[in-house]
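Protein chains: 2
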Amino acid sequence: MYKTDLEIAQEAKLQPITEIAKKAGIPESELELYGNVKTKVSLDVLKNAEAKEDGKLILVTAINPTRAGEGKSTTTVGLVDAFNQIGKKAMVALREPSLGPVFGIKGGAAGGGYAQVVPMEDINLHFTGDMHAITTCNNLISACLDNHLHQGNELQIDKDRVVFKRVLDMNDRVLRQVVVGLGPKANGVERHDGFTITVASEIMAVLCLANSLMDLKERIGKILVAYNVEGQPVYVADLGIAGACAMVMKDAIKPNLVQTLENNPVLIHGGPFANIAHGCNSVLATRTCLKLADYVITEAGFGADLGAEKFLDIKCREANLKPNAVVIVATIRALKQHGNVAYEDLQTENVEAMLEGCCNLAKHIETIQAFGLPYVVAINEFATDTQAEVEALQTWCKRNNHPMSLSQVWAKGGEGAVDLANQLVELVEQENNYKPLYDLDASIEDKILTIAKTCYGAKDVHYTDEAKAQIAMFTQHGWDKLAICMAKVPSSLTDDAKICGAPKDFTITIRELRPSLGAGFIVALTGSVMTMPGLPKVPAANRMDIDEDGNITGLF
Amino acid sequence: MYKTDLEIAQEAKLQPITEIAKKAGIPESELELYGNVKTKVSLDVLKNAEAKEDGKLILVTAINPTRAGEGKSTTTVGLVDAFNQIGKKAMVALREPSLGPVFGIKGGAAGGGYAQVVPMEDINLHFTGDMHAITTCNNLISACLDNHLHQGNELQIDKDRVVFKRVLDMNDRVLRQVVVGLGPKANGVERHDGFTITVASEIMAVLCLANSLMDLKERIGKILVAYNVEGQPVYVADLGIAGACAMVMKDAIKPNLVQTLENNPVLIHGGPFANIAHGCNSVLATRTCLKLADYVITEAGFGADLGAEKFLDIKCREANLKPNAVVIVATIRALKQHGNVAYEDLQTENVEAMLEGCCNLAKHIETIQAFGLPYVVAINEFATDTQAEVEALQTWCKRNNHPMSLSQVWAKGGEGAVDLANQLVELVEQENNYKPLYDLDASIEDKILTIAKTCYGAKDVHYTDEAKAQIAMFTQHGWDKLAICMAKVPSSLTDDAKICGAPKDFTITIRELRPSLGAGFIVALTGSVMTMPGLPKVPAANRMDIDEDGNITGLF
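Those sequence lines, one after another, are chains A and B. Residue numbering for the first sequence follows this note's numbering, beginning at 1 and increasing consecutively. Residue numbering for the second sequence follows this note's numbering, beginning at 1 and increasing consecutively.
Zero decoy hints are in this set.
Since the list gives no way to pick out one identical chain from another, each pair is judged satisfied if it fits inside one copy or across any two copies.
Below, computed lysine to any residue pairings styled on SDA-like, alpha-carbon distance capped at 20 Å:
1) LYS453 <-> ALA442
2) LYS185 <-> LYS537
3) LYS47 <-> ASN551
4) LYS22 <-> ASN36
5) LYS453 <-> TYR438
6) LYS89 <-> GLN423
7) LYS185 <-> GLN151
8) LYS159 <-> GLN177
9) LYS222 <-> ASN542
10) LYS435 <-> ASP54
11) LYS537 <-> LEU149
12) LYS185 <-> GLY527
13) LYS468 <-> THR507
14) LYS159 <-> LEU182
15) LYS13 <-> SER29
Rather than coming from a laboratory, the hints here were simulated on the basis of the structure. It should be emphasised that the depicted structure is a prediction, and the values quoted were computed from it without experimental measurement.
In isolation and in its complexed conformation, chain A is listed as follows:
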């Protein structure tokens, strides 16, 4: 019987976080400890290192995952341990887990097996409170907006055109569509509203894209909250609370330092989902790592069609980051799924189906090539993989000239990715032609079409009438020069969750667009993707418990 992630994490020998900080080159005076094994890191660390040259930036992405995930975080965490094992100074920048999936299907999310970040329980629960600060900041805006409507509505806000929603860091489907302000007049103005999960909020996006506290304040001020009765936009700044919002975020803006099971430094900061948001940890965490380490490994959520595309088109452009190499994680299990094997049968050997599913891997490789970046395929080994399957995949990679490495970090920790790390040390020295896929100057439709063709393999994009009207209106307001943040199901290259492999000649449908003016992008919602998940029949919460001594079970 294997140990659970939680059991392995609980056996870890953690070093005091002050020691980890020392290893990373962060002076103790720049720390704000949260207990002995977590700490906030002052933004001065980055400021004081401005003149220093950046380390090499490695992105970890994946193919379209099964619902268990491809092990991107696991690979990322194992990689930093591997780099340190081969004597290189490396750090990781990761996203913070959301409580929604923790209580929902997934349980904890901080790597897995012997490639984890610890303290696992804290990271998965409240951590240092960043998510809660975002929730508070967001809902302060909503409360002030509805209060404005109630107290005379000086800004003449059209109550039926409020676009800013409330949030909770919870999977809670009944909050998707609500009516607020029912009852007597003292209960405020009645209107339709809805809740989004915190990680899909624009506050989360601006936290992750901000360069400083003042930049954060300015971006929050620019967030569109509603239109007035004349159809003109109303912003957070118009409500007069951008300062209060920035104040609420004063600690949340500082990256969090923790460690891997092998005691290497990790910054975990910000956690937008990659299906319904831009899917990357904060710019501040990535940039801080780049000043502190020679090799920085980071991940972007889900497959290269989602996280990597947004990392390369949105985050790197916005923050002027120059990525040096990409790791594309694939599992035998997911490849079999893309070869049409049912989820229940993924544990059974099926070389043929796996080879058929390699079309999905090939498509994501194409995507990375389109961005002009060197890559290596990491086969993330599962205990259920057979030798025949692994060998067949290795052969497939060789035959198609794809650099490849077998990653065994789940079972072996850093040792399991030494070969991968060695390959990356060479790969990052290659000159590369990284360039975002589209120019910001292109039209909204052209930008979306470029993404859909290049990264999904679609032949065309269909717009609902609502979406068409929105594009016309946004263009009128001059918002068409922003980046695009696609919202799409993660399991398929298409906008239909059930379609596997690498289909061609399909059309994706844009249902709705939402301007995120503080973040600097337009969210394009495809198919039926939701910004507030629901809980499964038996939520993960039902297996969780804690005993008298504070020992947690069931959080895995």
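Based on these hints, arrange chain B on the given structure of chain A.
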């Protein structure tokens, strides 16, 4: 021009919290630091001191306050500094501020002037995340409940008889009455719901009344969430998530140590409002202080009709605490208000009106006498008080044989309450006849009548038909032997906010009752009291800001 509370707090010379802990006798191994000036304190501190004798317990209460407050926290904080100045080992146990009032009317709440708790900004914002943990725990229950309705409803919950509400730590009136689950079937089951402010939630109440993490888990399991189609109660335990809820609260259950401006130790933990909840900090914080210090000062919210009554009838009974003395805080301003002076005119000298308003003070003194406790009146001096007014009040106290002291802690810190502290040192040595007002065995109506007559001066209690039906139903379920937690406006002894002084022969109306089975009391809502406040026309949030260096303004 006076300095603001925030300016005074920002000038404070804070000691490292490890030094404050040492002063309090808490070993460093029992701390979990949050930065350098805040720390969680392990529950082992209390456990390891079980055999030690308790210190003396002093409750600070007040008359019915003006909307600016009577300065109870200020007096409480000043008192601990005064006790330390006269060489006594003293500690304070206080409630945590809620973000609702911080962004609403009141601004920050951690004492005032030179009697404050610091770091003021952190305490008033996210502090150590306790409020956020309560919000999460509460909303996890709601999400799982609605998920249960959606996923087949095995427990046969009647969707129109769900009694457990969602919460946010925000003043947000439009959330009082909402409809959730609108839209397609995938959005869950449509039903009426509402949000309560976090500090009025039962999770907050059980946190404040729990004796241990296991007690907390058990109490959460006993919380009533709904009735099934047969009218039988459904509890959190039936949803199978009491363990997950306790896990969410694993850090929140530990008291927080901070310091006064004069570097004396303060535990701040739990913060139920006293108008709509039971109004006292956690039992664990109070009991920990009693083991560490010889004199423990604590406060209960609003006037003696609300906070003190619940402290003495609910908290002390439940936790088996023996209070030794009571401080009744009065201000000249509030007394004038009770003498029918308008809020705008309170700064103008008016001895006659003040003496007329002393009937309110007299009533609260009677209440404390009814509990069998010795007391001292603390006149909390304001800069606008005139000498004639102060002397007239002193004379009134002397003439009526009420022990009294002029407290100048706002202007002078601990020095301003040395006389009060000296009086208390003698007072706590008196034998007292403390006894809760009512027996738990009495009927719900009898218990409410006892409180209304003794503490409010009412002659009778009127019940709406809804309330009558609830009492019958609760009695049938055997819930009539619980304590009563009155919810009432704080500004008046009656259930009408505008009635000042000490009226007689009035009737209060009980509109609705809510069973808090985990907390162990029935909440009785009088008049039109709301469990979700609203924001004022110009919220305090609008004056708040933060600069590049993290300096906060407008939080006062």
